[in-house]
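> Below are the chains, spelled out letter by letter.
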Amino acid sequence: MCCLVRIGTAESRIVFCWDGSGTTASRAPEWIIMLILGIETSCDETAAAVVEDGKHILSDVISSQIAVHMPYGGVVPELASRKHVEMILPVIDEALTKADVTRDQLDAIAVTQGPGLVGALLVGLCAAKAMAFALDKPLIAVNHLEGHMHAAFLGSQAPAGPFVCLVVSGGHTALYRIDPGGRTKFLGSTRDDAAGEAFDKVAKLLNLGYPGGTVIDKLAAEGNPNTFQFPKAYLEKDSLDFSFSGIKTAVANFLRHYGPPASESHAVSYRLEDLAASFQEAIVDVLVNKTIMAAHLCGVQDIAVVGGVSANQRLRRRLQEEAGYRGLTLHLPALRYCTDNAVMIAAAAYTVWKRTGFTRDMMDLDAVSRWF
Amino acid sequence: MKHLTLSSANEDYSCELGRRIGAMLATGDILALWGELGAGKTLLARGIARGLGVPSSIPVTSPTFTFINEYHGRLHLYHLDLYRLGDWDELDTLPWREALYGTGVAIIEWPDRLGPYLPEERFDVRITITGDASRSIDIIAHGDLLSERLAAWSGKLA
Chain F
1 MCCLVRIGTA ESRIVFCWDG SGTTASRAPE WIIMLILGIE TSCDETAAAV
51 VEDGKHILSD VISSQIAVHM PYGGVVPELA SRKHVEMILP VIDEALTKAD
101 VTRDQLDAIA VTQGPGLVGA LLVGLCAAKA MAFALDKPLI AVNHLEGHMH
151 AAFLGSQAPA GPFVCLVVSG GHTALYRIDP GGRTKFLGST RDDAAGEAFD
201 KVAKLLNLGY PGGTVIDKLA AEGNPNTFQF PKAYLEKDSL DFSFSGIKTA
251 VANFLRHYGP PASESHAVSY RLEDLAASFQ EAIVDVLVNK TIMAAHLCGV
301 QDIAVVGGVS ANQRLRRRLQ EEAGYRGLTL HLPALRYCTD NAVMIAAAAY
351 TVWKRTGFTR DMMDLDAVSR WF
Chain X
1001 MKHLTLSSAN EDYSCELGRR IGAMLATGDI LALWGELGAG KTLLARGIAR
1051 GLGVPSSIPV TSPTFTFINE YHGRLHLYHL DLYRLGDWDE LDTLPWREAL
1101 YGTGVAIIEW PDRLGPYLPE ERFDVRITIT GDASRSIDII AHGDLLSERL
1151 AAWSGKLA
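Top to bottom, those sequences are chains F and X. Just so you know, the first sequence maps onto residues 1 to 372 in the working numbering. Just so you know, the second sequence maps onto residues 1001 to 1158 in the working numbering.
Computed cross-link-like contacts, SDA-like style, restricted to lysine to any residue with a CA-CA straight-line distance of at most 25 Å:
(1) F:K204 x F:R271
(2) F:K232 x X:P1059
(3) F:K232 x X:S1056
Some but not every residue of chain F turned toward chain X, in silico, with C-beta under 10 Å:
(4) G196
(5) D200
(6) S245
(7) V251
(8) A252
(9) R256
(10) R370
Covered stretches of chain X (chain F as the covering partner; in silico rule of three or more C-beta atoms under 8 Å from a C-beta of chain F):
(11) 1027-1038
(12) 1060-1073
Because the hints were derived from the structure by calculation, they are not lab data. Small disclaimer: the values here were computed from a predicted structure and weren't measured. Beta carbons: idealized from backbone N, C-alpha and C, even for Gly.
If we strip away everything but chain F, and leave its shape as in the complex, we get:
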């Protein structure tokens, strides 16, 4: 059990833990309390959270921008950046107030460095750098995807051993193996479109609203997934890569053959619900089977699924069925931690700090749009 004693400043701790000149171990001692403010602005959400020791959530604030983006049918970058600029300070203040923590009490500030939209990332990075500089606190730069994977540790049933994690969202579809210490190994990723992008673009082809994933999920619940067969790209034997652009083209071909969804002026021979369910099934099949295959190839007993698409009801149900059938333990973080949030950034930052210490030369830190 950790003891609630604070010693020294963050700077003295970094010397204590990492300088190597003392007699201490190279790992951070278990009893040090680490109070981290996490900041996340990689895409739609402006988010801030205070997390203690990478697991005790003291506050969790998200300013969703979905209402701003709705009229455009997608995320609009300048609007995203502008909104982040407006929201970042109020969101950080609220996170501190809700956690009942003052700025001075923070031990470190964590921020998403990438991958994501550079303009959006820079807002969070600049705020984090400015705060760290003004308050004389250390900074921890976090990979957004590593943040997502840490959502698996936030539940009460965190995986104890190594596990396979599927990160699946609008911008990413990738499989990783994560060791108990948080070290990650890349296993495979999409060679063309992310799964969430396929959902969004097919929703656009079908003239459905935004966000496409949610709309298709709801429609598909009323449809028969076996009505139409859409291509499932499994690629080479044992490949843990994905490919979803072919499914998108297949839906476009379907609409050329059978006509766009029915409207007041024209009827069609298919049910939109069946089309949505069949399309969704093709994506879900590949995601589920590759995740199970990755667990088998890595010889692990636990699997986790994180990212915005993990909110998909069909994906969740199929994963539960398959994991149960194969005796694997499935970790599905609460929906709130599956989409972009700052809790996962503060939690991952704790692991990053334990592994490599604080970010050096923090004022030189730049946003990275692609980072594997």
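Since the structure of chain F is already known, use the hints to place chain X on it.
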């Protein structure tokens, strides 16, 4: 020659045409890729990247989420995708000028979003769906210099 029409029966051949186009590109070239969702713009861009010497071990993925992907081959390649952009006046936060006018080749998907900023000296590449897998690919050269180059390409592409 201002206009060249090519046809492709399948994805593999579309990618191969892209590779041949990529092999003939030079620093400063801008290709605007036109075509509806599912036409195969990213597929053609992948072929072009291979022709520019981007190794096959580097996946050329959809830039829809990131807006601009950068690759290093024989020349720098900037692969832009403005699909999620509402209008050209929202371009401000993207380093699109560096991508278009830097030292390299730029491929732009959904170039209509550039509005008045779409460069005049460019190749337009229009992909039209003619069947489930077949496509018609029209290359239009804008400007005398590019027209001369397109004429020289025709033997190698057709």
